[in-house]
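Enquirer: Go ahead and model the full structure; you've got the sequences and the hints to work with.
Chains as they are written, first to last, in the working numbering: chain E, 552 to 835; chain V, 552 to 835.
These are computed hints drawn from the structure, not numbers from a lab. Don't take each hint at face value.
No farther apart than 25 Å at their CA atoms in a straight line, the calculated lysine to any residue pairs in the SDA-like style are these [claimed, not checked]:
| # | chain 1 | residue 1 | chain 2 | residue 2 |
| --- | --- | --- | --- | --- |
| 1 | E | K669 | V | G616 |
| 2 | V | K581 | E | I667 |
| 3 | E | K678 | E | C811 |
| 4 | V | K592 | E | K678 |
| 5 | E | K578 | V | P595 |
| 6 | V | K578 | E | Q612 |
| 7 | E | K592 | V | E577 |
| 8 | E | K592 | V | G638 |
| 9 | E | K578 | V | Y555 |
| 10 | E | K669 | V | E557 |
| 11 | V | K581 | E | P595 |
| 12 | V | K581 | E | K678 |
| 13 | E | K582 | V | M590 |
| 14 | V | K678 | V | K699 |
| 15 | V | K592 | E | Y555 |
| 16 | E | K578 | V | E557 |
| 17 | V | K592 | E | Q612 |
These stretches of chain V come out as covered by chain E in the derived footprint (C-beta under 8 Å, 3 or more residues) [unchecked claim]:
| # | region |
| --- | --- |
| 18 | 554–560 |
| 19 | 572–585 |
| 20 | 588–600 |
We put the beta carbon where it would ideally sit given N, CA and C, even for glycine.
There are 2 protein chains.
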Amino acid sequence: MKTYLECVPCFMGQALRASRMATTDEKLIKKVLDETGDMIKHIPMENTPAETGLQVYRKVQKITGVTDPYKKIKQQHIAEAKELLPGLEKMVDQSSDPLLTAIRIAIAGNVIDLGINKSFDLVEEIKRIVSQDFALFDYAAFKSELRKAKSILYIGDNSGESVFDTVLIRQLKKPVIYAVRSQPIINDVTMKDAIDSGLDKVARLVDSGSAAPGAILSQCSTQFLKIYKDADLIISKGQGNYEGLSDEKRTIFFLLKAKCSVIARHLHVKEGAIVLKGINLPDL
Amino acid sequence: MKTYLECVPCFMGQALRASRMATTDEKLIKKVLDETGDMIKHIPMENTPAETGLQVYRKVQKITGVTDPYKKIKQQHIAEAKELLPGLEKMVDQSSDPLLTAIRIAIAGNVIDLGINKSFDLVEEIKRIVSQDFALFDYAAFKSELRKAKSILYIGDNSGESVFDTVLIRQLKKPVIYAVRSQPIINDVTMKDAIDSGLDKVARLVDSGSAAPGAILSQCSTQFLKIYKDADLIISKGQGNYEGLSDEKRTIFFLLKAKCSVIARHLHVKEGAIVLKGINLPDL
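Expert: Below is the structure:
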């Protein structure tokens, strides 16, 4: 997915929010905004927003000297999500369609996105999403591909959401490789966050090699690209991974909540919609 | 009021929205964003946001060649507001406190603000604001000053809102001078818009001399400054005028809805609050 004009003010907003997370020094924050402003004319609009997002966060890190401004809040979100875990597992067990309920829970976790300027109430969001209609729902194709799959690549998105991913992975009942970002970026899930989330107990963890807040294949490691190529089924969580992978030519299933107008428009859904969308689906 | 860091992403958002109003040429819009980005490092943070707003809109005008991108929508809002006028006048007449109801209606009109990235439903807003509690309510002081006043300066804000201002001006029952912006800026009320709104029938109209989306006294004409100095009572509508006048040393009454986090914080109220706030009030 390319960058849209609407992404430009959003980059400035992200620069501000990430800087505020890193420091209270208003002069340093203003410097981040100044340099982000200078950067705008150089943004390649054909690139994905996640690639520019990486440049913005690099500026925040360089100017504030804080490499992981979201460290504390990531730990908090993982802890909060873990507290909810027994209830969520029970919800899945008691469901008439445990796989679908687990998918809904994995999407509900996708609200824990600090790149987006929206507040959220995790418990309320779970309640809503468990009964919300999907705007795009390629569930039949998903089940069919899952049935055939011997290997699954699951590309993670945010920390906290990562705990909810364990619920879905348990229901997949297949070997899963879970991919994480190579470096801290916003609240995205890194190797450490994945282990803290208990993902090492349900999947093999792999560093994608991409430091961007989304799977940008040109930045991914050879190891990841081989897994990506060989996987029978790919599940991609969240907006950033969608930005990186939406133009790919292979079958991928995207699980996300459309949290900004640009992603919503690109998917032809309303803001706030929940989506299980498969691309390049084989004929059923 | 000075500029806050939160205003910076907002300037980019305003540049985008105003450009989209002016043109569909994405390259021209990107050029506005590029130049606004370059401008950020030069923003004097001690200036009011309205002054920087003026610079942003000047860029939109220069780059797109459209001097009044909001012309059509201003006319629409004035027409819509006029349709509601008989109902509003009736609401005031039937009220147990016509002056207060007219104040509420004048504030309800303040949602017609296209500098802010919020959609609104005018009829719903009127219903809400007519019964909404004020977060700041210097009504006793206002009535006391109004009783003594021989001359009133009423500083207008947006087109459409301007029609609602006629309702309040009728209830003031004193000679009123209504000040407008000297040039089209966002959807702010100009001389032509004021006449279209029927304000010439209830007040003497004056061009403030300020082209900014707020009364910036350093930009105002000598004529306006004399009126400003001599007025017994000043009523200032909306956020832009608050930005320009909040640090003044004379008595001013601000009527507004706090539509952004920066203004809300500056007033120590919640976003969405309605406000009748007097500054430098004499002892009652």
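Enquirer: Could you run down the list of hints and mark each one as holding or not?
Expert: Against the structure, the hints:
Simply put, K669 of chain E and G616 of chain V have alpha-carbon atoms about 35 Å apart, too far for the 25 Å limit, and the pair is violated. Only pairs whose Cα atoms come within 25 Å are accepted, and K581 of chain V paired with I667 of chain E is accepted, the gap being roughly 22 Å. Taking the CA atoms of K678 of chain E and C811 of chain E, the gap is near 21 Å; set against the 25 Å cutoff, the hint holds. Restraint check for K592 of chain V and K678 of chain E: not satisfied, since their Cα atoms lie roughly 45 Å apart, outside the 25 Å limit.
Restraint check: the Cα-Cα separation between K578 of chain E and P595 of chain V comes to about 13 Å, which is no more than 25 Å; the hinted pair holds. Taking the CA atoms of K578 of chain V and Q612 of chain E, the gap is near 31 Å; set against the 25 Å cutoff, the hint is violated. For the proposed pair K592 of chain E and E577 of chain V, the alpha carbon gap of about 14 Å is at most 25 Å, so the pair holds. Only pairs whose Cα atoms come within 25 Å are accepted, and K592 of chain E paired with G638 of chain V is rejected, the gap being roughly 50 Å.
For the proposed pair K578 of chain E and Y555 of chain V, the alpha carbon gap of about 12 Å is at most 25 Å, so the pair holds. Restraint check for K669 of chain E and E557 of chain V: the C-alpha separation of about 15 Å stays at or below 25 Å, so the hint holds. With a C-alpha separation of about 11 Å, the suggested pairing of K581 of chain V with P595 of chain E holds against the 25 Å cut-off. Proposed proximity of K581 of chain V and K678 of chain E is contradicted: the alpha carbons are some 41 Å apart, above 25 Å.
Of the pairs offered as hints, the one joining K582 of chain E and M590 of chain V holds, with about 13 Å between alpha carbons and a cut-off of 25 Å not exceeded. Of the pairs offered as hints, the one joining K678 of chain V and K699 of chain V is violated, with about 32 Å between alpha carbons and a cut-off of 25 Å exceeded. About 23 Å separates the Cα atoms of K592 of chain V and Y555 of chain E, which keeps this hinted pair within 25 Å; it holds. With a CA separation close to 13 Å, the supplied pair K578 of chain E and E557 of chain V stays within the 25 Å bound.
Note on K592 of chain V and Q612 of chain E: the hinted pairing holds, with a Cα-Cα distance of about 19 Å set against a maximum of 25 Å. With 4 residues bearing a CB less than 8 Å from a CB of chain E, the region 554–560 of chain V meets the requirement of three and the coverage assertion stands. Closer than 8 Å: that is the beta-carbon criterion, and the region 572–585 of chain V has 5 residues meeting it against chain E, so the requirement of 3 holds. Coverage of a stretch by a chain is defined here by at least three residues with a beta carbon nearer than 8 Å to that chain's beta carbons; for the region 588–600 of chain V and chain E the count is 6, and the condition holds.
Hint check: violations occur at hints 1, 4, 6, 8, 12 and 14; the rest are consistent with the structure.
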